[in-house]
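Student: Chains as they are written, first to last, in our numbering: chain B, 678 to 789; chain E, 62 to 177.
One thing to keep in mind: the hints can contain errors.
Unchecked claim - Beta-carbon label-pair distances, calculated as ranges: (1) LYS119/E with VAL689/B: 38 to 44 Å; (2) ARG172/E with LYS686/B: 37 to 43 Å; (3) HIS754/B with ASN102/E: 21 to 27 Å; (4) ILE121/E with THR684/B: 24 to 30 Å; (5) LEU157/E with HIS754/B: 41 to 47 Å; (6) PRO746/B with GLU127/E: 29 to 35 Å.
What the hints assert, rightly or not - Coverage of chain E stretches by chain B, computed from C-beta distances (three or more under 8 Å per stretch; other residues unrestricted): (7) 120-128; (8) 164-171.
To be verified - To give a feel for the contact side, a few chain E residues facing chain B, derived at Cβ under 8 Å: (9) TYR86; (10) SER89; (11) PHE95; (12) LEU112; (13) GLY114; (14) SER155; (15) GLY160; (16) THR161.
Note that these hints are calculated values from the structure, not bench results.
Please read all numbers here as calculations on a predicted model, not as lab measurements.
Just so you know, even glycine gets a beta-carbon here, dropped at the ideal spot from N, CA and C.
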Amino acid sequence: DTEVTQTPKHLVMGMTNKKSLKCEQHMGHRAMYWYKQKAKKPPELMFVYSYEKLSINESVPSRFSPECPNSSLLNLHLHALQPEDSALYLCASSNRVPGELFFGEGSRLTVL
Amino acid sequence: AQSVTQLDSQVPVFEEAPVELRCNYSSSVSVYLFWYVQYPNQGLQLLLKYLSGSTLVKGINGFEAEFNKSQTSFHLRKPSVHISDTAEYFCAVSSLYTGTASKLTFGTGTRLQVTL
């Protein structure tokens, strides 16, 4: 199983809503990532978890809150988002090969 | 700081023609270099990687890349493209590796458009 599964695939939310994006992998990888990708742009790193601990936070606004309940799961909690936060949110995982990330298909978020 | 520059935002090519997508990197230390592909409405997939050793790297789907330290380049090539190769291609450099986690810096991407 070499898949990273993200749910939901599409999400529409208002600026006052609270929602969560979920990511799951069963490859035994010990690092998991959240990236944000705007249209026609490269992915931008948001957070990295290594061994279930937050190791990189790229100065992301607090309205995005990551959580890693166990080594297979990664969540991104969303609250009080802005329309400019609309984007494709990509989850990835990796193990011991430098730079070899396995990406999910993404969750497309629209903030109204 | 490490960075990559993709010189072409779009590359149109006819099916069965060869293609080269250009990538230059900037780094003061040893580099790990990568090419990722993103098909429409999908996540990214690793095409190939250079970590060390042979400068000619072969990847999936018939792609290959050559690491050139003197020219600080890592260009991606395919001798004969197919319609299904139409996608966005990202060159990337790993600026941090902790033993499990990598911090990748992506280039701006090159849109490969293959037509009949």
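Student: If a hint holds in the structure, say so; if it does not, say that too.
Tutor: To see whether the hints hold, each was checked on the structure:
no.	hint	verdict
1	LYS119/E with VAL689/B: 38 to 44 Å	42 Å, holds
2	ARG172/E with LYS686/B: 37 to 43 Å	23 Å, violated
3	HIS754/B with ASN102/E: 21 to 27 Å	25 Å, holds
4	ILE121/E with THR684/B: 24 to 30 Å	27 Å, holds
5	LEU157/E with HIS754/B: 41 to 47 Å	25 Å, violated
6	PRO746/B with GLU127/E: 29 to 35 Å	43 Å, violated
7	120-128	violated (count 0)
8	164-171	holds (count 6)
9	TYR86	13 Å, violated
10	SER89	17 Å, violated
11	PHE95	5 Å, holds
12	LEU112	6 Å, holds
13	GLY114	13 Å, violated
14	SER155	4 Å, holds
15	GLY160	7 Å, holds
16	THR161	4 Å, holds
Checked against the numbered hints given earlier, the structure breaks hints 2, 5, 6, 7, 9, 10, 13 and satisfies all the rest.
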